Amino acid sequence: MNPEEGSPHRASALLRRGVLVVWLACVAAAIAIAARTHYVADLSAFLPSTPSAEQSVLLDQLRSGVAARLVLIGLEGGTPAARQTASKQLAKSLRGSGAFDAVHNGDTSQFEATGKFLFEHRYLLSPAVDAQRFSVEGLKAGIDETTSLLGTPAGSLIKPVILRDPTGETIRMAEGMLPAQSPRMEGGVWVSQDGKRAVLLATTHADGADLDGQEKALAQVRESFGALKAEGVSLLVTGPASFAVGSRAKIKHEVELLALAGGVAIVGILLFSFGGSLRTLLIAVLPVACGVLAGVAAVSLAFGNVHGMTLGFGTTLIGEAVDYAIYYLIQARSRPGAPPGDGARRWTLDSWPTVRLGLWTSICGFAALLFSGFPGLAQLGLFSVAGLAAAALTTRYVYTVIAPDGAPGVGMRRRLGQAVGACSAVLPRLRWPLVAVTLVAAAALAWWPSAWHANLASLNPVGPEQIKLDEELRREIGASDNGTIVAVAAADEAGVLMQAEAAGLRLDKLVASGAIGGYESPARLLPSPATQQRRREALPEPAVLAANLAQATADGPLPARRLGAFLTDVEAARAQPTLTLASLKGTPLAAALSAQVLPGDASGGGSRPWRALLRVQPVDPAGTVEVAALRAALADLPGTHVVNIADEVSSLYARYLKEALVQALLGALAVCVLLGVHLRSWRRLLRIAQPVAASVVIVLAVMTGLGVALGILHLVGLLLAVAIGSNYALFFDQIRAQEKAQAPGTPFVVDTDTLASLALANITAGISFLLLAFSSIPVLSAVGQVVAPGIVLSLLLSAAFIPRRKR
Amino acid sequence: MRLLPRREFWPTVGLLAGLLLALALPLHARAFDLPELSRLMSQVKSGEAVFTEKRSVAMLERTLESSGRLSFSAPDTFVRETLKPRPEKVSVVGNILTLTSGNRTRTLRLDAVPEAAVMTEAIRGTLTGNRQAIERNFIANVSGQPQRWLMELVPIEPQVRDLVRSVQIAGQQSWVREVTVVMADGDRSVMSIEQVSSVRAASAPN
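Chains G and R supply the protein sequences, listed in that same order.
Note that UniProt numbering has the first sequence beginning at 1, numbered continuously upward.
Note that UniProt numbering has the second sequence beginning at 1, numbered continuously upward.
In isolation and in its complexed conformation, chain G is listed as follows (with noise of 0.2 Å):
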């Protein structure tokens, strides 16, 4: 630039100038939205968005079913007795405190009630209410089946009500209402089939998504616990609530250590690096930071919150945004001799054209995320492009206004370039073993059974004794969630009760045939309007049914006389209104409801219907439950659905990692066209494509031979290893094409602080993802698992794959 020209001049100082201001607004902005930002912590985001009807159940179910708000108890230790009166205390403490909807541990005192409720109500409750039980015959069979039941230890429940109730619909109620499964009883409660534990199950008041609320009943547990002072007996706590309080303990905990360990070994590095010089030090830290609160900013707004798991991701950025500082401070520094802020003019020219395109293969590969069906995905991937961005615009903006010059510091950069160089002339050679290892690796990929097999468990940030313990405590209680679930729809609640009904007369006849063992129907606990209404009109008029009473106890044990309170029952409830979720609020039969029922939004305008889930059991409570044969029988019911847990999980999760696939291989192909537009030739797209691919094949050999478990995350991390480390191989091809530019025979001396920035760059996202591999958090272990030696690789492959050329 001529230094003449004095209005040009101040013209780029005043757009210098702007820039700045641009950028520290772009900031202020990025740190507002990010202090508002909502953080989350549930699994629900790595849920799809769009679901299949089958998963769309078992997502409520997941997301705000009582299935999310289970906590199992187990008391272990101390005599039977110590443990029995524990169970009951804990129980009655638990059931005073308003967190939970219900509490359940054998002891059955808690229902009466409840009892009393549905004594009242039960001619419009007990299914064998219709004409024909109130007909002489009816009575005569129905007192008959009540009678037989005296004199035995069943007949001690309906002794104390057979003067009003001498049909027995309490029992017939009960029998529809009582869990088919339910724990071993010892002292009069619940305890494991070992009888070494009493097993305690609760459902929190707080939703599934409600995780301070979840805490909150947590924390009750353990308060109650703590003040039994129950001699050599420990508590055991888990179930969803647990799992989904504990882990975003554990990923908020992760996460900071992840952050404060990244950091420290990257500025321990930088400061080695560049001289210790504190200037330099804060310079080199800027594009990350921008490119973390860009990432922040980025995902809050689009999504409404950012999940605890993106910003561990997050966290990952460092290593790829702190890259460019090294780059840029080490290649910019000034030759002797040039004037001011040639540094940055000779970087803008060459490098950043290989940063830039870097950056480009970058956001490639992340935005295949952005369009995963994945909440999870979309905000790595949002937050990935974003961050990279950011940090790649300070850079080339930032950097050249405020330090035009590069770093200062020499540091111990120029041994580890001249180190670099020594290497990088070695490396060639082993070029063609490089080669072979490729190949072997290739051929052990092809030879061996696929390594992708990890499951949505996997995903799990618990640890897998907690998982073996939930299991356990599951079997114990009878609360295993990977039963088979029949699941209505309608647009409202006479709807969904009605079909609920329909499905119950088919599911009727399977247990009659032997082909399951029973189900649980919310209405059972609840009948239809419909059906309410046919059994009250079914109730006789008083006069009728005295006559008929009269006939039917004619010559019976059990004379009409003392079944006065009967007819006046009987009387009252033809005048009984029908009764509703909402007439049902406040009683133990509600919380047991919203366990089966889960309302729809249609009355708020939403598209989302009523929904119930009719819980089927197997005949064998060991087996498992013939979907096949449920689904034929369920076939021609509208809006109902057969889903199988177990089964909706696993597709659920293949679909998952079906999708990440494709948009992983999506990426990928769009790198290599955004490479080959930018080369115009197919000779060095293969170039740098060959060391990229050729580290993403060994990666994926050695991890398969050690036999872990590869699920999506491993995937992500090796579509970012492919991101970055093709920046690697551009800047060796970037070397090569400048050699190659320069006249035949001009010796050509490689820029020593090139390789230097490349292998400090290398070094610092290598350690920033070892430390993930060493999170105890599955879904960032994966990743650095795979991209630490992903990059490292890369690096190597790329100085023996793209040589220079040969003298």
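The set of hints was computed from the structure by calculation and includes no laboratory data.
These figures come from a predicted structure and were not determined experimentally.
It cannot be assumed that every hint is accurate.
Simulated restraints on C-beta separations [to be verified]:
1) G/Asn455 / R/Asn103: 41 to 49 Å
2) G/Gly623 / R/Arg200: 48 to 56 Å
3) R/Thr52 / G/Asn455: 31 to 39 Å
List of simulated lysine to any residue pairs, SDA-like, C-alpha gap at most 25 Å [said to hold, decoys possible]:
4) G/Lys159 / G/Val435
5) G/Lys140 / R/Leu99
6) G/Lys159 / R/Pro85
7) R/Lys84 / G/Ala554
8) G/Lys92 / R/Pro158
9) G/Lys159 / G/Gln89
10) R/Lys54 / R/Ser66
11) R/Lys89 / G/Gln551
12) G/Lys140 / R/Pro85
13) G/Lys509 / R/Val93
The beta carbon of each residue, even a glycine, is placed where N, CA and C say it ideally should be.
Starting from the known structure of chain G, fit chain R onto it as the hints suggest.
Same frame as chain G, but now just chain R:
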């Protein structure tokens, strides 16, 4: 000759009689207890019987009568099928209790319903000679001889004892003749059993 010894000899006679009794007693009362009864019962591998049951319930005007069939087969299957006055069926296989009444069937896990477990184990445990099952649920008191024995079972679990005071089982060799259930409120049922057939273990000594 006098039939009775003279009065002055009576102490001697008493002593002799006492000695004789002391010698004779072990022969008769020798340990007919639960282990012995279980051994005896466990020789029968399966059997069928008919029963009639009379139940007296304080609040009813008259005694309830029912009759039907019983069958069992070792180690853990027991079926009670009532034919009169109305068909009903209770079958227990292992830990699974199936109740059939009219056209309705219900399945329960025995250990989840201690009241049902106690009734089942009293009869099934006795029939199959399962001493562990009996001792787990009851304090058992066996009296009498193999020829005519009586076992009184008192439930251990307090909650069950609130319902069932005791179960008395009377038998003759490996054959149960009568089961009396005394409820805590004084109601009682007496089931008389008549054996139809039985299969003994091939190797078991008679």
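We went through each hint and held it up to the structure:
1. The supplied range of 41 to 49 Å is met by G/Asn455 and R/Asn103, whose beta-carbon atoms lie about 43 Å from each other.
2. Separation of G/Gly623 from R/Arg200 is about 34 Å and departs from the stated range, judged on CB atoms against 48 to 56 Å.
3. A beta carbon spacing of about 59 Å between R/Thr52 and G/Asn455 contradicts the range 31 to 39 Å that was offered as a hint.
4. In summary, the hint linking G/Lys159 to G/Val435 is not supported, as the alpha carbons are separated by about 86 Å, beyond the 25 Å threshold.
5. As the CA atoms of G/Lys140 and R/Leu99 are separated by approximately 21 Å, the hinted pair is consistent with the 25 Å bound.
6. In summary, the hint linking G/Lys159 to R/Pro85 is supported, as the alpha carbons are separated by about 20 Å, within the 25 Å threshold.
7. Between R/Lys84 and G/Ala554 the alpha-carbon distance is near 19 Å, which keeps this suggested pair within the 25 Å criterion.
8. Proximity of G/Lys92 to R/Pro158 is assessed by CA-CA distance (about 21 Å); at most 25 Å being required, the pair is judged to hold.
9. Restraint check for G/Lys159 and G/Gln89: the C-alpha separation of about 29 Å exceeds 25 Å, so the hint is violated.
10. The suggested pairing of R/Lys54 with R/Ser66 holds, with an alpha-carbon distance near 7 Å, which does not exceed 25 Å.
11. For the given pair, R/Lys89 sits about 28 Å from G/Gln551 by alpha-carbon distance, which is inconsistent with the 25 Å threshold.
12. Among the hinted pairs, G/Lys140 with R/Pro85 is consistent with the structure: their alpha-carbon atoms are about 12 Å apart, no more than 25 Å.
13. Between G/Lys509 and R/Val93 the CA atoms are separated by roughly 23 Å; this keeps the pair inside 25 Å, and the hint holds.
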